[in-house]
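Novice: Each chain, written out:
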Amino acid sequence: MKTWLNIALPKGRLGDKVYDMFARAGFECPDILEENRKLVFENAALMLRYFWVKPSDVAVYVERGAADIGVAGKDILLEYAPDVYEMLDLKVGKCRMAVAARHDFYDDQRRTLRVATKFTNIAAGYYSAQGRDIDIIHLNGSVEIAPILGLSDVIVDIVETGRTLKENHLEVRETVVPISARLIANKASYEFKREIIDRLREGLALLAEEAEA
Amino acid sequence: MKYEERIVFALRELYRRFGYLQYKMRKFEEYDLYAGNKDFLISDNIITFTDVNGRLMALKPDVTLSIVRSGKDGGGIQKVYYNENVYRVSAAAQGFREIMQSGIECIGEVDDCCVAETLMLAVESLRTISQECILDISQLDIVSELVDALGAEAAMRREILKCVGEKNLHGLDDICRASGADPDAAARLKTLVQTSGAPAQVLPVLRSLGCAPAAVAQLASLTDCLDALGLGAYLRIDFSVVGDMRYYNGIVFKGFVSGVPTGVLSGGQYDRLMEKMRRRARAVGFAVYLDQLERFSGETEAVDVDTVLLYSPDAAPAALLRAADALSADGRSVTAQHTVPEKLRYRRLARLDGDEVKILEDMA
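Protein chains in written order, with the numbering used here: chain A, 1 to 213; chain B, 1001 to 1364.
If you are wondering where the hints come from, they were derived from the structure by calculation, not from laboratory data.
Keep in mind that a hint or two might mislead.
Mimicking EDC-like on lysine to aspartate or glutamate, the simulated pairs with C-alpha atoms at most 16 Å apart in a straight line are [said to hold, decoys possible]: (1) A:K2 / B:E1132; (2) A:K91 / B:D1244; (3) B:K1162 / B:D1244; (4) B:K1162 / A:D83.
The following residues of chain A were derived to be distant from chain B, with all beta-carbon distances above 12 Å [stated by the list, open to error]: (5) D107; (6) L113; (7) T120; (8) G150; (9) L151; (10) R194.
Cβ-to-Cβ under 7 Å is the rule here; a few derived chain A residues that face chain B [said to hold, decoys possible]: (11) F105; (12) A188; (13) E195.
Remember, it's a predicted structure, so these values are computed and weren't measured experimentally.
Just so it is clear, CB atoms sit at the ideal spot from N, CA and C, and this is done for glycine as well.
Start from the sequences, fold in the hints, and give me the full structure.
Specialist: As structure tokens, this is what we get:
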């Protein structure tokens, strides 16, 4: 019996890019290109159902089985550690998780480092591996402002071009981990929809290699 | 009876039929039992309280540890089953939850016959829940040998095993490249992670890898045995099932049923836990997570009660009870009320008039 394949994609520029890869891999859903406010799109012939969701929620939809597969940034996977299969590095949406500080900041190793970030688990893991004592300040956005106002010594955040940092007189001090978009799958869905998920993975792997070459 | 309750009865009957004795335990244990084996637990958050004699106690987050501790070495093979509530943090609820768990443990001179019986009961437990089910089986000695060949230190080994559990081939590539691991050994591990499916497809690949021949032979003999019992279609060999190797060894497995987003059964051989708890015995077992089945059946009651029987304050109690008894004689439910309770969903509305019951509404 053929069943629907439910796919959660991140809303925004990355989602558009990723959908293009899915379509080129033979998993197209033309309705998705229509300009409207719909969030769910179906291709009944191929039994594909796409959802647009907030990028940070993709992993939740997949882990809970509302979506069989999805595309999430490595930052989200590291931060929330969902119990899913990480099937493929799509090699798009590339950026890095980095430690940044003011140009004039001197890191005195004898003092507790104050770290402002949205990604508290990633930051805690990174500094714990170095045996460094830190004080984590969880912020929900505009993290760059924290060192400027003296709220923190450094920030741990995603850096794409580095322009925002530069405009706020900050600079990258260390790279924590490179980030890119990953194809993820629900573990139970993979058991029962293995064939189609493997076919999609293979198609996307070829496109990811092509893009990288 | 609720769907999960029916499953509990069916599982109990299944385990009883194969000679497993019911294991009853109290709701709490000394905290030390869990504190020393936190990594064995699914979640290391435990509800604790101080007993009247000052001892620190815990509401049990797990059943296996209690069974292992209570048993005695020698005397053949102890086979028990349980239906118990455990208390764990649920990521979903962001707090503690009471979770109903069933399972079996087989402790003592455990041989491959015991492991085969456990696997058979695991598949039959899944089939009790749904015919559309899969049991993924892995053999940790095979995984261990291929990971050892990379020469990884402890932290890197943890990262590698995490990647194996996530089927994360690109992650494995990154780790092996960064550590300068032998490319041949890395390629063999990647082949293992990539290879999953029916035993007939996977076993030839394992033989071609030439690793852990005894473990591969065990896997082959056990899957052959289940195939001979007509259960082969429910089996897959999949090395992404990785238990904590400080406790588990040999065969480990995880069961899925279609429609439930997470594994509903997990288990394996845990001889290393036995050693850690100073038991001179081997062990194998599994747990079925019944909390996962709450929404699985799709059964929802259309009504809360079949009949609402209205009566006036001056009604004779005997007449009311006789009427309620008559209305419920065919197994349907009746609630006697002065007025219809707010939000109560019912099929039939009746009124007691003297000795007579008048039907006011009938939506059957």
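Novice: If a hint holds in the structure, say so; if it does not, say that too.
Specialist: Tested hints:
1. A:K2 / B:E1132: At roughly 14 Å apart (the allowed maximum being 16 Å), E1132 (chain B) and K2 (chain A) satisfy the hint.
2. A:K91 / B:D1244: The given pair, whose Cα atoms are some 31 Å apart, is violated under the 16 Å limit.
3. B:K1162 / B:D1244: holds, 11 Å
4. B:K1162 / A:D83: Measuring from Cα to Cα gives roughly 11 Å; hence the hint holds.
5. D107: At roughly 24 Å from the nearest Cβ of chain B, D107 (chain A) sits farther out than 12 Å, so the non-interface label holds.
6. L113: Given that every Cβ of chain B is farther than 12 Å from that of L113 (chain A), nearest at about 21 Å, it holds.
7. T120: holds, 16 Å
8. G150: Holds, because the least Cβ-Cβ distance between G150 (chain A) and chain B comes to about 33 Å, which exceeds 12 Å.
9. L151: holds, 27 Å
10. R194: violated, 8 Å
11. F105: violated, 28 Å
12. A188: It holds, given that the least Cβ distance between A188 (chain A) and chain B is near 5 Å, below 7 Å.
13. E195: violated, 10 Å
Figure legend: structure checked against the earlier numbered hints; hints not met, in rising order: 2, 10, 11, 13.
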